[in-house]
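Residues per chain are reported as follows:
Number of protein chains: 2
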Amino acid sequence: MQQKIAHRTKKHNQKDTTPAPSIILCRPQMGENIGAAARAMLNFELTDLRIVAPRDGWPNERADATASGAFDVMPEPRIFDTLKEAISDIHFTIATSARRRDMVKPVYNPVNAMNELLTRAGNNQKTGIVFGAERTGLTNEEISLCQALMNVPTNPDFASLNLSQSVMLGAYEWHKIAKSNDYSQSEPPALNPNDSFPAPQGEISSFIERLENDLEKRRFFRTPEMKPTVMVNIRNIFTRTDITDQELRTLHGILSALRGNKTGK
Amino acid sequence: MQQKIAHRTKKHNQKDTTPAPSIILCRPQMGENIGAAARAMLNFELTDLRIVAPRDGWPNERADATASGAFDVMPEPRIFDTLKEAISDIHFTIATSARRRDMVKPVYNPVNAMNELLTRAGNNQKTGIVFGAERTGLTNEEISLCQALMNVPTNPDFASLNLSQSVMLGAYEWHKIAKSNDYSQSEPPALNPNDSFPAPQGEISSFIERLENDLEKRRFFRTPEMKPTVMVNIRNIFTRTDITDQELRTLHGILSALRGNKTGK
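Taken in sequence, the protein lines are chains Z and W.
Here our numbering = 1-based position in the first sequence + 122.
Here our numbering = 1-based position in the second sequence + 122.
Possibly wrong hints are sitting among the right ones.
The list makes no distinction among identical chains, and a pair is therefore deemed to hold if it is satisfied within one copy or across any two copies.
Unchecked claim - Below, computed lysine-lysine pairings styled on DSSO-like, alpha-carbon distance capped at 30 Å:
no.	residue 1	residue 2
1	Lys-301	Lys-227
2	Lys-248	Lys-301
3	Lys-206	Lys-339
4	Lys-349	Lys-301
5	Lys-298	Lys-227
6	Lys-298	Lys-248
7	Lys-248	Lys-227
8	Lys-248	Lys-206
9	Lys-298	Lys-339
Simulated from the structure, these hints should not be mistaken for lab results.
Because the structure is a prediction, the values reported are computed rather than measured.
Required output: the full structure, derived from the provided sequences and hints.
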């Protein structure tokens, strides 16, 4: 109950500044695309750019050239080694994907995706949209770190969007809905009041790592080759929905109980 | 009235082949932008590209590089000396403009603009969207040749869209309305249909019972009174989303590994 009151107060204070989603670019190859993405972001009032392992390092002259001055206005983009680190403080991320993936995650179109992000932002959740490398898109492992997929219904015979165009499309739809919400909706829809707040992704990652270590010790992974695939499966189970702080504590408790602390380990 | 009836009949007949608007680029400077515009057009099933007085002539190697093969699929772009010639066979054109213009023309936002184009296309009118040069946009004379203006509500402090992004945005909104079936999605979004089937609840219950037994043996439940509440929490974690058969096998495997079968129990 106390939590709920605090929650509402925050909501009220942030009424006019619905937090915008972060844009996370995974292993982008061409600086031109990073700069064009930044320009498109700023066109639609998104400013938190995070870059995971840019191929040509950072800063990047080609990015500056296509950004059209956006980097002078936005906060400095943050660079990370891995997607896991890049999203550790974010509660809900949507992975963009042109192909159908063999994973059980909700698949949103751009409008529904941005509605979902706005609903969550209205509940004080940090949100993000994750984009893959130009040629290859996101890996299955990267996607398994995200809670949902976004798919743009493009021409089936010519489906692949340019990276910066894809960022632009997300930013545009977000902006369109965020602006209209300011006028048509007094308060963002609340999540189920029985749910407590979701745990940040970093804490869920820590749990999964702890589980992985325990499984390693127990020789759960029969061969080193199968381990990555199995870990993707496991990660999908625990990242698919909002795991709350309370539930995460429960999961840690379960793990402690099952690992057999009694043996003295 | 008569017009409206004709309109409906044609719409019905042409359901799957609503004529798409032409894209007209006026005096584009950079080949990169022409190519990226063509790619974005084809992504959203627009194929009639007309170019007025391209600065660097035509064909253009830089355009080929960013088109990502679009020119191999689309009809050859047509080159004109003036906008007037480029739109001579078109019935209704919308000019894109970032700035407010001192002209009495209807100003549409992208959604309204594309609705207007689709209505007219349903009446067998040829339609077009006209884009200006990167730096200067359209001249007043060029705008005076068009029937309406389209304005994208961007960040007032960073309004200027890249040319190809602007084309993409028009193409996307057109596609979204023209192919609305592809975008309509029931809430909540369906899971990816290629994914494996969710496990029946009975099997999920069995897993939870097995977990409960193991936790009981490990004295996870400190008091009998707290057990029902904790079990509700645990059940919520595993029943909230579709756990697949495959994932359930993984969870059973995890449990077997963690319970420490090696001790001989």
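Against the structure, the hints:
no. : hint              : in the structure
1   : Lys-301 / Lys-227 : both (28 Å within a copy, 24 Å between copies)
2   : Lys-248 / Lys-301 : within (18 Å within a copy, 32 Å between copies)
3   : Lys-206 / Lys-339 : within (23 Å within a copy, 35 Å between copies)
4   : Lys-349 / Lys-301 : neither (45 Å within a copy, 42 Å between copies)
5   : Lys-298 / Lys-227 : both (25 Å within a copy, 23 Å between copies)
6   : Lys-298 / Lys-248 : both (19 Å within a copy, 28 Å between copies)
7   : Lys-248 / Lys-227 : within (19 Å within a copy, 41 Å between copies)
8   : Lys-248 / Lys-206 : within (15 Å within a copy, 50 Å between copies)
9   : Lys-298 / Lys-339 : neither (50 Å within a copy, 51 Å between copies)
In this structure, the hints that do not hold are numbers 4, 9, in rising order.
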